[in-house]
Structure formats: C-alpha cells, structure tokens
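*Asks:* Residue numbers (numbering that gives the first Met the number 0): 0 to 196.
None of these hints come from the bench; they were simulated from the model. Bear in mind the structure is a predicted one, so any value in this text is a computation, not a measurement. Beta carbons: idealized from backbone N, C-alpha and C, even for Gly. Mixed in with the good hints there might be a few duds.
Derived CB-CB ranges, DEER-like [to be verified]:
1. Asn83 <-> Thr194: 56 to 66 Å
2. Arg153 <-> Leu123: 37 to 47 Å
3. Gln94 <-> Gly162: 13 to 23 Å
4. Arg150 <-> Leu170: 38 to 48 Å
5. Gln129 <-> Pro85: 47 to 57 Å
6. Gln129 <-> Leu168: 47 to 57 Å
7. Pro85 <-> His114: 29 to 39 Å
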Amino acid sequence: MSGGPESRGGRTAPPGVTPDDHWSHGGHGPAALNQPADVPDHIPGRVPHRDSRPYRALAAAAGALILALIAVTCIDVFGRYLMNRPFGGAYELTQMLLAALVFAALPLTSTDGGHVEVDLALHLFPPPVQRGMARLAGIVSAVALAYFAWRLARIGMAQLAEGTRSASLALPMAPLAFLGAASCAVSAVVMALRTPE
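Construct the entire structure; sequences and hints are all you get.
*Replies:* Below, the structure is given as structure tokens:
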C-alpha cells in the first residue's frame, strides 16, 4: 500500500472509507468495469473471507482440478497427433474432472455472491425492499440447493449400493455424487446465512 494511510494505489479513499475497507482498485478485473475510482468496492470477491482456511483449501482444490483438466487434454492431444496413441479415457475423465470442478467451486461462488443475478428493476425500489428481495432470493436459492444436496446424496447412496462405475475407466461414480451433495449443502447454508448489503 502506498500514498499514505488514507490512500491506495495513489488515490485517496472517499469520505467514510478507512484504509481497511475493501474499496475499488480502479478497474482490476471485469467486475470493476465502469466503476468510478472513488466508489467503495461492493464486489463480493474482494472481502476478507478469502483469507479463511476453508476458502483457500477449496480454491486450491479447484486450481488443482483445472491443472488436471489441462494435463488430461494435453496428454490426449499429444498422444493423438504426435504418437498416434490417444488417451482412451480422456473424454470420460474430462467429464468427471469438470463436474468435480463445478462442485468444488460452487461454495466459493456462493460465498463471493458471484452467481448471476438479474436486477434490471431493483433500483426502482427503496433500499429496505431491495434488502428484503435479496434476502428472499437467498432463501429460495438455499432451498433449491438443499434439495439438490438431498437428491445427490440419494443418487450417491444408490450408486454405492449398486457399485456403479464409469464405462471406460471403471471409476466409481458415488464419490462424485457425494462431492456434489456436500457442495450443494455447504452452498445452501452460505446462501441462507448471506446478509444483503
């Protein structure tokens, strides 16, 4: 941090915003587009929860899954076009890794408030109504995610009992369903406890 206790990146913090507040960095990332430099940063992705151990562990797991996806794709492409020996289970493994990535990232996105929201008319309502609508949206999302968690847990139990495996690599399918159930359950709790700004 440079430029004195009340500035960041050469800019002065707006009135009422302390140096510890997470205010706009002036155009870092797509979420900051068209955001004036002196507006406090309400982008949920820049808040202190990113320093928590569970958040960092999930982020690291999601990063590892992305690297695994890249590795599988590269191995398949090089094997297919350079050695005429494609990776036989690449398509199936890519599908499973992508599903795992989605489930690993779902709690992160829920915590960040990064889900797509259409709020074309939200500004027409007074702030208390806006907060009430945001709270209602969080509760509805939590209910939907809890239902998904329940269904995925039941699917996982059925797959575990039947010994369901993937077609090409014979990988067990139940762990992926249980991962999805846990992910949706955690995300449901996050959405239920989310406090509108």
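*Asks:* Hint by hint, say whether it matches the structure.
*Replies:* Results for each hint:
1. Asn83 <-> Thr194: 56 to 66 Å: Since the Cβ atoms of Asn83 and Thr194 sit about 57 Å apart, the hinted range of 56 to 66 Å holds.
2. Arg153 <-> Leu123: 37 to 47 Å: holds (42 Å)
3. Gln94 <-> Gly162: 13 to 23 Å: Distance hint for Gln94, Gly162 holds at roughly 20 Å.
4. Arg150 <-> Leu170: 38 to 48 Å: violated (21 Å)
5. Gln129 <-> Pro85: 47 to 57 Å: holds (53 Å)
6. Gln129 <-> Leu168: 47 to 57 Å: holds (49 Å)
7. Pro85 <-> His114: 29 to 39 Å: With a Cβ separation near 37 Å, Pro85 and His114 satisfy 29 to 39 Å, so the hint holds.
Of the numbered hints given earlier, the model fails hint 4 alone.
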